[in-house]
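Trainee: These are the residues of each chain, in order.
Protein chains: 4
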Amino acid sequence: MENHFVAETTFRVRYVETDAQGFVHHKNYLVYFEEARSAYLRQRGHSYAEFEQAGYFLVVAEANLRYIKALKFDQQVTIRTWITELKSRALTYQYEVWADDQLCATGTTRHLCITREGQIATIPAFWRTLVQS
Amino acid sequence: MENHFVAETTFRVRYVETDAQGFVHHKNYLVYFEEARSAYLRQRGHSYAEFEQAGYFLVVAEANLRYIKALKFDQQVTIRTWITELKSRALTYQYEVWADDQLCATGTTRHLCITREGQIATIPAFWRTLVQS
Amino acid sequence: MENHFVAETTFRVRYVETDAQGFVHHKNYLVYFEEARSAYLRQRGHSYAEFEQAGYFLVVAEANLRYIKALKFDQQVTIRTWITELKSRALTYQYEVWADDQLCATGTTRHLCITREGQIATIPAFWRTLVQS
Amino acid sequence: MENHFVAETTFRVRYVETDAQGFVHHKNYLVYFEEARSAYLRQRGHSYAEFEQAGYFLVVAEANLRYIKALKFDQQVTIRTWITELKSRALTYQYEVWADDQLCATGTTRHLCITREGQIATIPAFWRTLVQS
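Residue numbers (this note's numbering), protein chains in the order written: chain A, 1 to 133; chain B, 1 to 133; chain C, 1 to 133; chain D, 1 to 133.
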């Protein structure tokens with residue numbers, strides 16, 4: 001893709017996100033990525049809630065995560081997010097998780113656009129243009 | 001209530017349910033209670049899924065929890081559950097959380113019956129009879 | 001208590017916090033309350049992480065929740081939090097959950113101060129003074 | 001690897017695991033995989049709790065998930081799990097998620113063995129033999 005808008009979102013690790021090893025449980029990076037996608041659309045002036053109100057859903061078809069450095073409670077985390085692939089009915093987000101100037105994790109998630117009835121659908125032009133511009 | 005059917009459900013603590021203090025995070029007792037309610041209906045031959053398929057939902061109006069002894073990963077936990085109040089549009093469940101022959105927590109949750117449209121509704125006779133008998 | 005410092009913290013509902021009923025799952029209010037306690041200390045210039053680094057933990061002994069109005073994905077939520085009881089070894093927080101100018105939930109949590117070894121302990125003077133002033 | 005012990009573990013989808021789309025939230029497959037690893041060791045006569053008591057931890061270095069068919073509340077799910085790679089300091093688990101005789105998801109997780117101090121360590125011979133036999 002020519003465009004390369006990168007959204008950044010920053011938050012603190014919640015206590016509930018840790019486990020008995022003392023660090024953030026690995027499932028929560030998928031939660032962080034989801035938050036990052038919400039932030040991505042918000043920073044472009046829209047919301048994923050509007051997408052669903054329009055009758056569409058983005059479902060996760062694939063997720064890949066590499067864990068580099070564990071995160072702790074109260075640590076300030078920044079997620080950098082951009083779109084690496086945009087097809088008619090699918091798109092892929094890429095993520096970097098940063099804390100204390102260190103790259104702590106990376107990942108990608110691939111999404112399919114579906115209708116309320118569960119049929120795979122073309123991503124509406126409005127949203128396609130939004131993420132392309 | 002005259003009847004006093006007590007459902008018992010047993011499971012092991014999942015790693016993901018612990019936090020950095022090394023014990024089960026306090027929010028997960030609400031998850032255990034929900035599991036116990038599912039088990040309660042299942043042990044009476046039905047499922048909460050059927051209740052929703054019939055167009056009704058039980059929403060939580062109130063929850064009260066007392067934490068007595070912390071739970072650890074892999075510990076075998078038994079929840080005892082019974083109904084302490086059954087009104088036309090509401091009901092209250094009570095819970096005891098047991099592990100290693102010790103009472104580790106107690107709680108109650110109060111629920112309202114609502115329709116798909118969010119209106120408070122009378123609990124259907126079928127379900128009322130089911131939990132009364 | 002004479003003092004009545006009220007912390008306010010605002011955030012958006014995460015998608016992951018919803019359930020199949022379409023609203024925030026009731027367990028997540030305990031997560032929001034925990035976030036509110038973190039914000040409370042942060043707004044007084046400190047962090048719960050420091051409290052644990054000093055060798056103490058606050059464990060939850062009791063939680064009470066009233067659910068008034070359901071919360072939806074992406075909704076902006078504000079939690080108001082203050083301390084209603086401060087004893088030598090325990091304290092109680094009270095919470096109000098607001099969204100769109102409506103009170104959506106209330107709650108209290110009661111906490112005990114314990115040491116790393118799990119013994120109930122007096123809340124250190126530094127922290128007592130911090131929340132009293 | 002010559003051996004190919006496959007652990008199977010069956011459970012029902014919890015309500016709390018669903019999200020507003022009406023299906024299991026994608027992060028929970030990592031929770032299911034973790035449960036499957038616990039079951040794997042339990043079916044070989046041991047527990048991951050013992051592994052940590054011996055001073056070791058398995059941290060997740062990598063996770064890859066493919067989502068094929070969404071899961072619903074109350075559905076009975078079976079996870080099939082086996083080890084595909086066993087190195088001196090790392091191992092890889094593979095997973096299949098089945099429900100109603102359909103393959104609903106697949107995944108792998110790669111783990112590193114670390115000490116309590118966070119140093120990468122050789123997987124103790126006892127555990128290596130256990131999963132090899």
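Derived by calculation from the structure, the hints in this document are not laboratory data.
Hints are not guaranteed to be accurate.
Since copy identity is lost for identical chains, a pair holds within one copy or between any two.
[As the list claims (entries may be wrong)] In silico SDA-like cross-links for lysine to any residue, where the CA-CA straight-line distance does not exceed 25 angstroms:
no.: 1; residue 1: K72; residue 2: A61
no.: 2; residue 1: K69; residue 2: G45
no.: 3; residue 1: K72; residue 2: E96
no.: 4; residue 1: K72; residue 2: H4
no.: 5; residue 1: K72; residue 2: T84
no.: 6; residue 1: K69; residue 2: T115
no.: 7; residue 1: K72; residue 2: R14
no.: 8; residue 1: K69; residue 2: Q102
no.: 9; residue 1: K87; residue 2: N64
no.: 10; residue 1: K72; residue 2: L86
no.: 11; residue 1: K69; residue 2: F126
no.: 12; residue 1: K72; residue 2: F51
Trainee: Now tell me if each hint is right for this structure.
Mentor: Status of the hints after comparison with the structure:
Taking the shortest Cα distances, K72 and A61 sit within 25 angstroms of each other only across copies (16 angstroms), while inside one copy they are farther apart (29 angstroms). For the homomeric pair K69 and G45, neither the shortest alpha-carbon distance inside one copy (32 angstroms) nor that between copies (28 angstroms) is at most 25 angstroms. Taking the shortest alpha-carbon separations for K72 and E96, only the intra-copy value of 17 angstroms comes in at or below 25 angstroms, while the best inter-copy value is 28 angstroms. Taking the closest pair of Cα atoms, K72 and H4 never come within 25 angstroms of each other, the shortest separation being 30 angstroms inside a single copy and 31 angstroms across copies.
Neither within a single protomer nor between protomers do K72 and T84 lie at most 25 angstroms apart by alpha-carbon distance, with minima of 29 angstroms and 30 angstroms respectively. For a Cα distance limit of 25 angstroms, the shortest separation of K69 from T115 across copies, 15 angstroms, qualifies, whereas the shortest one inside one copy, 38 angstroms, does not. Taking identical chains as interchangeable, the C-alpha atoms of K72 and R14 lie at most 25 angstroms apart whether they share a chain (9 angstroms) or sit on different chains (20 angstroms). Taking CA atoms no more than 25 angstroms apart as the test, K69 paired with Q102 passes inside one copy only; the shortest distance there is 8 angstroms, against 36 angstroms between copies.
Both within a single protomer and between protomers do K87 and N64 lie at most 25 angstroms apart by alpha-carbon distance, with minima of 19 angstroms and 21 angstroms respectively. Within a single copy, K72 and L86 get their C-alpha atoms no closer than 34 angstroms, and across copies no closer than 28 angstroms, so neither meets the 25 angstroms cut-off. In this assembly of identical chains, K69 and F126 lie within 25 angstroms of each other by CA distance neither inside one copy nor across copies; the values are 38 angstroms within and 28 angstroms between. Taking the shortest alpha-carbon separations for K72 and F51, only the inter-copy value of 15 angstroms comes in at or below 25 angstroms, while the best intra-copy value is 33 angstroms.
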